[in-house]
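For reference, the chains in residue letters:
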Amino acid sequence: MSKRSDARLWIAQRATAALLALCVTVHLVTIVYAVRGGLSAAEILGRTRGNVGWLAFYTVFVLAVAVHAPIGLRPVVTEWLGWRGRSREWAALALGVALAWMGMRAVLVLYA
Amino acid sequence: MTALQVDVWRGAAEGRLQRYDVPRFPSQTVLDVVTHIQRKLDPTLAYRYACRVGMCGSCAMTVNGVPRWTCRTHVDRVAKNGVLQLRPLRNLPVIRDLVTDMRSFFDKWERAGGHFEGASTKADDFARVAPDSAARQAADAGIECIGCGVCYSACDVVSWNPDYLGPAALNRAWTLVNDPRDKAGVTRLRAIAGDAGCHACHTHMSCTERCPKHISPTASIAGLKRAVTRAALDGKL
Amino acid sequence: MKRLALIHRLSGVALSIFLPLHFWALARGLELDAFLRWTEQPLVKFAEWGIVVLLAAHLGGGLRVLAIEFLDWHEWQKSLAAVAAAIVLASGLAFALAL
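Chains as they are written, first to last, in this note's numbering: chain L, 1 to 112; chain U, 113 to 349; chain Z, 350 to 448.
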């Protein structure tokens with residue numbers, strides 16, 4: 001890993017962190033509001049089906065998480081499990097792709 | 113007059129805690145205690161000190177789990193229930209008893225580009241550095257470091273990652289990054305960036321909490337993160 | 350500060366484990382009502398509350414890191430741990446009350 005890529009990863013992590021701070025706040029407020037008086041599939045889908053604004057927001061949310069989480073986990077696995085080198089980078093990339101994939105699947109299921 | 117129960121590390125990497133009973137006095141420092149042990153109870157004990165007035169940092173060791181200067185640590189402040197536990201500084205190889213090998217600490221200082229690189233000669237005029245400029249104030253905030261190793265011992269990332277340059281080395285690099293007379297530029301930024309450099313700091317702030325000179329390596333490292341970011345975004349890294 | 354940083358790290362790890370499960374559950378959109386019935390169980394409700402607290406903890410800790418790394422150094426930055434804790438408590442309480 002070159003110093004340039006280390007710097008870029010750090011920038012990406014902090015940028016997505018700032019973005020997620022907004023997304024998470026909106027998400028938490030929405031969840032607390034929506035959970036009042038119980039939750040049903042009809043209620044959820046009523047809000048998400050065909051809602052382009054909802055789709056846009058959660059797409060951004062999912063992709064930001066897919067970048068933020070693997071970069072965040074990298075130092076943890078190195079410092080606590082001694083995992084270093086190429087395999088760590090590939091694993092992080094794989095996790096990012098997996099999160100993006102699973103996240104977008106969920107978003108599209110609720111949107112469509 | 114009560115006695116202090118003092119458990120002192122004896123040995124090197126392998127060893128054990130040895131108990132001594134030390135007479136307690138008012139205004140007693142931990143350095144007084146260790147000195148009493150070595151002079152009156154056990155001459156085989158190895159430890160370091162020099163100035164004994166809080167200027168040199170030689171007497172740094174782990175007191176009840178916390179890295180401190182023993183000459184500036186009053187026993188009353190730290191000896192809960194009359195018990196003291198003394199160990200060598202963490203994160204450094206132990207030579208013997210309370211004495212550590214500080215070579216890796218200073219090697220990392222070098223690796224972080226912690227030395228001044230000037231470009232002027234005696235033929236040039238004096239450099240003009242405004243003392244109230246933002247850069248000089250940033251450098252001044254970290255310039256008083258005497259390399260005692262307390263921050264390095266307090267740092268969890270140093271414990272977890274043997275390659276991590278550590279708070280002192282990075283702090284020193286920051287003072288030079290802010291020195292307009294220094295010409296190392298991007299070379300130094302490259303030296304301090306990355307998984308073993310400033311990007312590995314997780315802002316636990318143990319260094320800032322423990323520094324006896326009240327320097328904040330966390331602030332310096334944050335400055336380095338920003339400097340590296342600027343260089344990376346400018347395509348200079 | 351170290352304790353807060355550890356909470357930040359551990360909550361991040363926990364959320365990384367939770368998220369794939371969350372995505373998987375949501376993707377089963379058609380069976381959502383059956384799943385939602387399962388979530389009515391008190392143990393699940395408690396886990397949900399736990400996840401909200403973890404998210405708030407990670408957010409609070411993260412805001413502290415961003416403040417220290419991007420703003421000029423100030424003494425009050427040392428008290429950010431308290432701000433982070435406040436965010437966590439507020440979120441946990443809000444969610445508990447909403448349940």
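The reader is advised that the hints may include incorrect statements.
[Said to hold, decoys possible] If you want the footprint, here are the derived chain Z segments under chain L, 3+ residues with CB under 8 Å:
no.	segment
1	358-368
2	394-405
3	409-420
4	436-444
No lab work stands behind these hints: they were computed from the structure. Built from N, CA and C at the ideal position, the CB exists for glycine as well.
Item to complete: Against the earlier hints, flag every one the structure doesn't satisfy and list their numbers going up.
Response: Of the numbered hints given earlier, the structure breaks none, since each of them holds.
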